[in-house]
Amino acid sequence: MSDKPSLPQIDAEKELIRHIETLLADPAHEGNPLREPLARLLEQNAGQRQRLERLVRISDGYHLLSRANSETLSQQYDRQLRRVEKLMRISDRYQQSLREISEALREASLHDPLTSLGNRRFLMERLGEETGRAVRNSTPYSLGIIDIDFFKSINDRYGHDAGDKALCEVSCAIRDSLREYDICGRWGGEEFLFILPETPLDLAVQVAERVRLGIENIRHDHIDYRITACIGVTLYRYGEHYSDTIKRADEALRHAKEAGRNRVESRL
Amino acid sequence: MEGDSYPENSFEFFGPVIDWVERFLKDSSMPLKLELKLVYMNTSSVKAMMDIFDLLEDAYTQGRQVSVNWFYDPRNERVLDLADEFREDCSFPFEIAADVR
Numbered sequence: 001m002s003d004k005p006s007l008p009q010i011d012a013e014k015e016l017i018r019h020i021e022t023l024l025a026d027p028a029h030e031g032n033p034l035r036e037p038l039a040r041l042l043e044q045n046a047g048q049r050q051r052l053e054r055l056v057r058i059s060d061g062y063h064l065l066s067r068a069n070s071e072t073l074s075q076q077y078d079r080q081l082r083r084v085e086k087l088m089r090i091s092d093r094y095q096q097s098l099r100e101i102s103e104a105l106r107e108a109s110l111h112d113p114l115t116s117l118g119n120r121r122f123l124m125e126r127l128g129e130e131t132g133r134a135v136r137n138s139t140p141y142s143l144g145i146i147d148i149d150f151f152k153s154i155n156d157r158y159g160h161d162a163g164d165k166a167l168c169e170v171s172c173a174i175r176d177s178l179r180e181y182d183i184c185g186r187w188g189g190e191e192f193l194f195i196l197p198e199t200p201l202d203l204a205v206q207v208a209e210r211v212r213l214g215i216e217n218i219r220h221d222h223i224d225y226r227i228t229a230c231i232g233v234t235l236y237r238y239g240e241h242y243s244d245t246i247k248r249a250d251e252a253l254r255h256a257k258e259a260g261r262n263r264v265e266s267r268l
Numbered sequence: 001m002e003g004d005s006y007p008e009n010s011f012e013f014f015g016p017v018i019d020w021v022e023r024f025l026k027d028s029s030m031p032l033k034l035e036l037k038l039v040y041m042n043t044s045s046v047k048a049m050m051d052i053f054d055l056l057e058d059a060y061t062q063g064r065q066v067s068v069n070w071f072y073d074p075r076n077e078r079v080l081d082l083a084d085e086f087r088e089d090c091s092f093p094f095e096i097a098a099d100v101r
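So the protein sequences, as listed, match chains A and B.
Under my numbering, residues 1 to 268 are what the first sequence spells out, in order.
Under my numbering, residues 1 to 101 are what the second sequence spells out, in order.
In short, the hints are calculated from the structure, not lab data.
Treat the hints loosely; a few may be bogus.
[Unchecked claim] Below 20 angstroms or equal to it, Euclidean Cα-Cα: the simulated DMTMM-like pairs (lysine to aspartate or glutamate) are:
| # | chain 1 | residue 1 | chain 2 | residue 2 |
| --- | --- | --- | --- | --- |
| 1 | A | 86 | B | 73 |
| 2 | A | 86 | B | 99 |
| 3 | A | 86 | B | 58 |
| 4 | B | 47 | B | 81 |
| 5 | A | 152 | A | 169 |
| 6 | B | 26 | B | 77 |
Predicted, not measured: the structure shown is a model, and the values here were computed from it.
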């Protein structure tokens with residue numbers, strides 16, 4: 001492409017041309033009949049060589065051009081590829097943070113910020129699931145509602161901070177008294193609800209009794225009397241909506257309140 | 001520019017913005033400084049921002065004075081990382097700072 005290679009063939013050709021030129025220039029061969037056609041042949045050869053060289057130059061030029069072109073194309077391709085990768089990377093990160101936000105929102109929407117127990121929405125979701133499972137497996141769950149006794153007077157006498165603190169302590173006591181697979185949450189105000197999957201009523205009463213004792217035995221450093229609670233317990237009946245189960249547990253709870261507080265009452 | 005960006009048709013939305021940047025860089029010789037407080041962007045908005053930064057980069061390599069200040073809410077450090085990703089291929093001044101206001 002740049003300097004023409006010095007091949008032995010080309011050297012021989014040059015040598016031959018030089019030899020012919022010397023012969024043609026020699027006056028001794030002036031009258032030779034071969035001299036004139038030989039001179040024409042030499043001239044033609046020179047013309048051919050020029051054309052060939054031009055052809056090679058042009059074709060080399062095209063070759064260089066197309067090579068340059070394909071380099072730009074591959075550079076452009078690489079650049080676009082990098083851009084797309086960057087776009088995906090950034091976009092994936094945005095998506096990831098959205099996912100985390102929605103996860104956090106879901107968590108927040110299902111939990112009570114004060115006690116960090118599940119909230120009413122959480123309990124209703126779980127009640128729906130547990131009811132479905134109870135019907136499918138013919139293993140009813142028991143349900144209990146806990147209500148702190150005289151809660152209003154804690155707020156009135158010690159202030160709302162003390163009331164909040166008491167709610168947290170009661171939450172801990174409930175959680176600690178239940179088994180690992182039991183479900184509990186804050187139903188609202190000073191009311192809590194627990195679901196005991198695959199648990200007959202007599203066993204549920206025992207668990208509820210443990211919860212009642214757990215609450216009674218809390219040592220409060222900001223309230224100078226014992227906090228107690230009433231618990232109403234019942235068993236899920238096949239075919240009913242869980243709101244009926246809750247209603248029955250509520251009746252048992254009211255009964256416990258009427259019977260003098262700090263008690264567990266059950267309804268089949 | 002500030003806020004979340006998830007337009008339904010981002011070409012329609014960002015087209016005029018990109019046109020403006022292009023025209024400004026072409027028709028004037030004044031410095032261009034972008035102040036951004038972007039939080040969420042969908043994929044096509046990310047693409048549009050990359051296009052804008054490319055325009056700035058081209059102008060910068062031709063000697064034009066351009067810069068970007070990207071402010072983020074210190075409570076949302078993720079935006080810092082994302083802005084950093086955007087900055088990766090930019091050689092012009094690109095500041096990422098916590099918005100303390």
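task = Please write out, lowest number first, the hints stated earlier that are contradicted by the structure.
result = When the structure is compared with the hints, numbers 1, 2 and 6 turn out to be violated.
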